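Asker: With the sequences and hints as input, model every part of the structure.
There are 2 protein chains.
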Amino acid sequence: MKAFDFDRASKLMPALSRGKVDASPCAACSVRGLTICAPLDSQEQGQMAAIMNSVELQAGDPLFDEGEVAGNVYNITSGTVRVYKLLPDGRRQVTGFLFAGDFLGIAKQDIYAFSAEAVTPCLLCRFPRHKLEDLMLRLPKIEQRLLSIASNELAAAQEQMLLLGRKTAREKIASFLLMLAMRARKRGQVEDPIAVSMSRTDIGDYLGLTTETVSRTFTQLKQRGIIQLLANHKVSLAKREVLEEIAGGF
Amino acid sequence: MKAFDFDRASKLMPALSRGKVDASPCAACSVRGLTICAPLDSQEQGQMAAIMNSVELQAGDPLFDEGEVAGNVYNITSGTVRVYKLLPDGRRQVTGFLFAGDFLGIAKQDIYAFSAEAVTPCLLCRFPRHKLEDLMLRLPKIEQRLLSIASNELAAAQEQMLLLGRKTAREKIASFLLMLAMRARKRGQVEDPIAVSMSRTDIGDYLGLTTETVSRTFTQLKQRGIIQLLANHKVSLAKREVLEEIAGGF
DNA sequence: CAGCGTCGTTGATCCACGTCAAAGCGATGC
DNA sequence: GCATCGCTTTGACGTGGATCAACGACGCTG
Numbered sequence: 269m270k271a272f273d274f275d276r277a278s279k280l281m282p283a284l285s286r287g288k289v290d291a292s293p294c295a296a297c298s299v300r301g302l303t304i305c306a307p308l309d310s311q312e313q314g315q316m317a318a319i320m321n322s323v324e325l326q327a328g329d330p331l332f333d334e335g336e337v338a339g340n341v342y343n344i345t346s347g348t349v350r351v352y353k354l355l356p357d358g359r360r361q362v363t364g365f366l367f368a369g370d371f372l373g374i375a376k377q378d379i380y381a382f383s384a385e386a387v388t389p390c391l392l393c394r395f396p397r398h399k400l401e402d403l404m405l406r407l408p409k410i411e412q413r414l415l416s417i418a419s420n421e422l423a424a425a426q427e428q429m430l431l432l433g434r435k436t437a438r439e440k441i442a443s444f445l446l447m448l449a450m451r452a453r454k455r456g457q458v459e460d461p462i463a464v465s466m467s468r469t470d471i472g473d474y475l476g477l478t479t480e481t482v483s484r485t486f487t488q489l490k491q492r493g494i495i496q497l498l499a500n501h502k503v504s505l506a507k508r509e510v511l512e513e514i515a516g517g518f
Numbered sequence: 269m270k271a272f273d274f275d276r277a278s279k280l281m282p283a284l285s286r287g288k289v290d291a292s293p294c295a296a297c298s299v300r301g302l303t304i305c306a307p308l309d310s311q312e313q314g315q316m317a318a319i320m321n322s323v324e325l326q327a328g329d330p331l332f333d334e335g336e337v338a339g340n341v342y343n344i345t346s347g348t349v350r351v352y353k354l355l356p357d358g359r360r361q362v363t364g365f366l367f368a369g370d371f372l373g374i375a376k377q378d379i380y381a382f383s384a385e386a387v388t389p390c391l392l393c394r395f396p397r398h399k400l401e402d403l404m405l406r407l408p409k410i411e412q413r414l415l416s417i418a419s420n421e422l423a424a425a426q427e428q429m430l431l432l433g434r435k436t437a438r439e440k441i442a443s444f445l446l447m448l449a450m451r452a453r454k455r456g457q458v459e460d461p462i463a464v465s466m467s468r469t470d471i472g473d474y475l476g477l478t479t480e481t482v483s484r485t486f487t488q489l490k491q492r493g494i495i496q497l498l499a500n501h502k503v504s505l506a507k508r509e510v511l512e513e514i515a516g517g518f
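If you read the protein sequences in the order shown, they are chains A and B. Counting in this note's numbering, the first sequence runs from 269 upward without gaps. Counting in this note's numbering, the second sequence runs from 269 upward without gaps.
Wrong hints could be hidden among the right ones.
One copy or two, it doesn't matter: identical chains are merged, so the pair holds either way.
[As the list claims (entries may be wrong)] Straight-line C-alpha distance at most 25 Å; calculated DSS-like pairs for lysine-lysine:
hint : residue 1 : residue 2
1    : 490       : 399
2    : 409       : 502
3    : 399       : 502
4    : 409       : 399
5    : 376       : 454
If you are wondering where the hints come from, they were derived from the structure by calculation, not from laboratory data. Given the structure is predicted, the values throughout are model-derived calculations rather than measurements.
Answerer: Quick look at the structure:
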C-alpha cells in the first residue's frame, strides 16, 4: 500500500500550499446546498472556511490510500473521484464514484478503509479531521449532517450489494446509467445526454464485470435503440422507461 | 412489500405489550459494552432504558420491511437477524447478518432501505426513533456513537462489495467463515467451533451464490481438511491460516 | 418409531460472463 | 500527415457457477 506522497502532491496541487483562502470562498460555491455545509448559516460557513484548504487534482492523481492514517476529509467541488479497494493480486472493486457536492472521507477509527483517486481533473475542499472534530463540538449541526450523509451512503451501499450479488450484466449497466442520470439531476446538470466521465475499466470494476462485458453490453443496448453512444463520452438515454424496466427496482 | 403486522407481532412478542421494563434491565446486559449504550454512564443508561421496550422474536419473524416508515431502531441482545433487499422477481440479497450487540435501523430519511427478519429466536431492545432523537439532543454522546457505528458499517459494506464483485466462490466462503469467527470473538463467544446459525440459502443470498454452490464449496473445504462440519450447525476452522490465505485480504 | 417436511448434498448439464487475441479509433506529439 | 499510445470494440473460445433434478439426512409430530 503506497503511502501518500506529500511532496508530489504539493507540486500537483498548488492551492494546497497557498493555504490562505479567498475572503468568502463559499459564497460562490455552486454545490453548497448539496453538501455538508448545507445546514450552516454564513457565519458558521466562515468557521468551516477557516479550517479549509483548496485542493486541485489532475486526472489519475491519488488522494489517499487504504490503510493510511485518515488525516483529512474532503468535499468535492468539481470533477469525478473514484473510491476503491484492492485484493493482494490486484483485483479491484470500485466502491463508489463521487461528484461535485459529494463528501469523502468518513472513516472508521482513524484509518481509511479504501483508496481514492481523481478520475477527471478535480477541485476539492480539504478539512483536517481533528479541526473538523473540534468544530463539530461547537456546531452539532455538522455532526448531524455527517450522520445523515453516512445514512445515505449506507443505503446506497446496500443498493450496490444487491446489484453486485444479484443483477445480470445488462441490469447492472442499466442501473449504472440511471444512477448517473439521477445524480446529475441532483446537482442540477443535464441528465439526458449524461456525461460518462470514467473508463470502461472503471465501470467494470464498479459493477463487478470486465471491460469487455461492459463494452458488449453498451453495444447491445445501443443496437436495440435503448441508448445512444455520443461523442465526448456522452450517452443519451433514448428509452429511459425501458432502461428503468431492465434495471429492475433501482 | 408486506407491511409490518402489529397485531401478529404483539402476539409473537409478549414483552412488547408489557411495556414496563425491570428496574435496571441494562445493569445485567451482557452486550452493553459493544453497543450504542457503551459510552453512557449508569444515569444516562437509565434515560435510554426509559424509552426502551423489550422485544422477543421467533425464528422467521419479520421485524420490518423495506419501504416502511422507520419508526424504531433496535439493539440485538441475543440471536441472529438477517437484513435484506429484494428485486421485484424475488431475487434476494442479504446485506448483513446481525448478532448480539449489533445495532439495527439506521435509515436514510424516514424509510427503511431494507427488510429485517429473525434468523433464530431473538431478544431485542426497541427504541422509538423520535424519542431517541430527542434524547440525542441532550446526550450528544449517543449521536457520536451512532456516527461511529455508521462508519463501521460503511467500511463493512465496502468490504462486502469487494467480496461480491471480485471474489470467487471459495474466497467468499472462506471470508464468510472468518467473519463469523471474528464477530464471535468480539462478543466473547468461542470462535473455533463457530456456530453457523443461518441456512445455506441465507449464506448464498449473502454471498451472491446459490445454495448448491455454497454446499459444494463447504464440501470441498471439508475434503481438503481445511474445515470440519460438526453437528448442530457448528463448523471448526481446522486450518485457519489456509482459510485466511484463501479469503485473500479480509 | 414411522411418516413427513425442510434442509442439505450430489450429479449432470447449460450458459452468462470471463479470457485471450486482435483489430478499430480517436487523441497527442513529431 | 503519419507514427504512437491508450482506450474501446469485436471475435473465438473456455469455464465457474447456475440450473435442473434426485436423493439423503435430520428434526418434528402424531
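Asker: State for each hint whether it applies.
Answerer: We went through each hint and held it up to the structure:
In the homo-oligomer, the alpha carbons of residue 490 and residue 399 never lie at most 25 Å apart, since the shortest distance is 49 Å inside one protomer and 52 Å across protomers. Taking identical chains as interchangeable, the C-alpha atoms of residue 409 and residue 502 are never at most 25 Å apart, the minima being 38 Å within one chain and 47 Å between chains. For the identical chains of this complex, residue 399 and residue 502 are neighbours neither inside a copy (40 Å) nor across copies (48 Å), given an alpha-carbon limit of 25 Å. Taking identical chains as interchangeable, the C-alpha atoms of residue 409 and residue 399 lie at most 25 Å apart whether they share a chain (15 Å) or sit on different chains (18 Å).
Proximity of residue 376 and residue 454 under a CA criterion of 25 Å is satisfied inter-copy only: 16 Å between copies versus 27 Å inside one chain copy.
When each numbered hint is compared with the structure, violations occur for hints 1, 2 and 3.
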